[in-house]
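Guided by the hints, dock chain W onto chain B, whose structure is given.
Chains as they are written, first to last, in my numbering: chain B, 1 to 129; chain W, 1 to 151.
It cannot be assumed that every hint is accurate.
Unchecked claim - What the simulated footprint calls covered on chain B by chain W, stretch by stretch (three residues with Cβ under 8 Å from a Cβ of chain W suffice, anywhere in the stretch; the number is not a length):
hint, stretch
1, 7-15
2, 21-33
3, 52-62
Claimed, not checked - For the chain B half of the interface with chain W, some residues (derived, Cβ under 10 Å), not all of them:
hint, residue
4, MET47
5, VAL66
6, PRO67
7, LEU70
8, ILE73
9, MET75
10, HIS78
11, LEU79
12, GLY82
Everything labelled a hint here was simulated from the structure, so no lab data went into it.
Beta carbons: idealized from backbone N, C-alpha and C, even for Gly.
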Amino acid sequence: MKMETPLGRVRGLGSAKAGAHHWWLERLTAVATLVLLVWLVVSLVRMPDLDHRTVAEWLASPLAAVPMLLLIIGMFWHLKMGLQVVVEDYVHSDGPKLAWIALINFLSLFGAGLAIFAVLKIALGAGAG
Amino acid sequence: MHRNPSRPMSPHLTIFKWGPHMLVSILHRVTGTGLATLGAALFVWWLVALASGPEAYAGFTAWLGALGGAGFTVEKDAWEWIKYAFWAAIGIGLTWALFQHMLSGIRHLVMDIGAGYELRANRLWAVMTLVGALLLTVLAWGAMILWRMAA
Numbered sequence: 001m002k003m004e005t006p007l008g009r010v011r012g013l014g015s016a017k018a019g020a021h022h023w024w025l026e027r028l029t030a031v032a033t034l035v036l037l038v039w040l041v042v043s044l045v046r047m048p049d050l051d052h053r054t055v056a057e058w059l060a061s062p063l064a065a066v067p068m069l070l071l072i073i074g075m076f077w078h079l080k081m082g083l084q085v086v087v088e089d090y091v092h093s094d095g096p097k098l099a100w101i102a103l104i105n106f107l108s109l110f111g112a113g114l115a116i117f118a119v120l121k122i123a124l125g126a127g128a129g
Numbered sequence: 001m002h003r004n005p006s007r008p009m010s011p012h013l014t015i016f017k018w019g020p021h022m023l024v025s026i027l028h029r030v031t032g033t034g035l036a037t038l039g040a041a042l043f044v045w046w047l048v049a050l051a052s053g054p055e056a057y058a059g060f061t062a063w064l065g066a067l068g069g070a071g072f073t074v075e076k077d078a079w080e081w082i083k084y085a086f087w088a089a090i091g092i093g094l095t096w097a098l099f100q101h102m103l104s105g106i107r108h109l110v111m112d113i114g115a116g117y118e119l120r121a122n123r124l125w126a127v128m129t130l131v132g133a134l135l136l137t138v139l140a141w142g143a144m145i146l147w148r149m150a151a
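For reference, chain B alone in the conformation it holds in the complex (with noise of 0.2 Å):
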């Protein structure tokens, strides 16, 4: 018999009380991703071509550059927190599913990072010439 009062056994063990806020940001990502991603397909079909000098010209305008940044936000933003859920249900001991989390905010974080400086570049003059 253990020296433990009800209390003492459960604490700890409820929710983090943050799974309101992740699951309301995973539909908010969701909804913003939907719109720019259909922006995205709608603006490189209307392109006459779809060689370097053209998208590169394209993306460099604010009205493009702007938007194709917060689509990278909302898209990694969705996917990072989808692929954590998936990790948070499939995977049942706490060493590997520590691992995967970390690993998933770590890349998406990196691919973002990398997509955001690409748009950066090419809008800020860099690599449009």
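Relative to the frame of chain B, chain W by itself:
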């Protein structure tokens, strides 16, 4: 944390009778995982190649051409056909995954506001996301092929 392996786990896949809503539910996760890895990698590669100049961009579009089934009529030996089919299958698979995830995602948003839980409606819209995703994939690839033939 302790886990008792004899406790029942949910969902208990082996005793469930499969329905379209279950298929759509798990496909949402499968397609989401595929898009989040392969799709996102392709997207980042596109932007980085675009920022790295015309040569890097040409390297990217050559790969994208392989995913898009470019060079269908070129004579190939058996090994080249296998490679060709492999990349085209990934290209078609990613297109389908995008549409399936998009449509079942919209279905989830509707369910999040509390609508569409009646058994028949739920089943109908689950089937509609499957049909819609296949249809949109065929349309998108048809449009791409027509566009390439016209060019």
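Item checked: Structure-inconsistent hints, enumerated in ascending order -> 1, 4, 5, 6, 7 and 8
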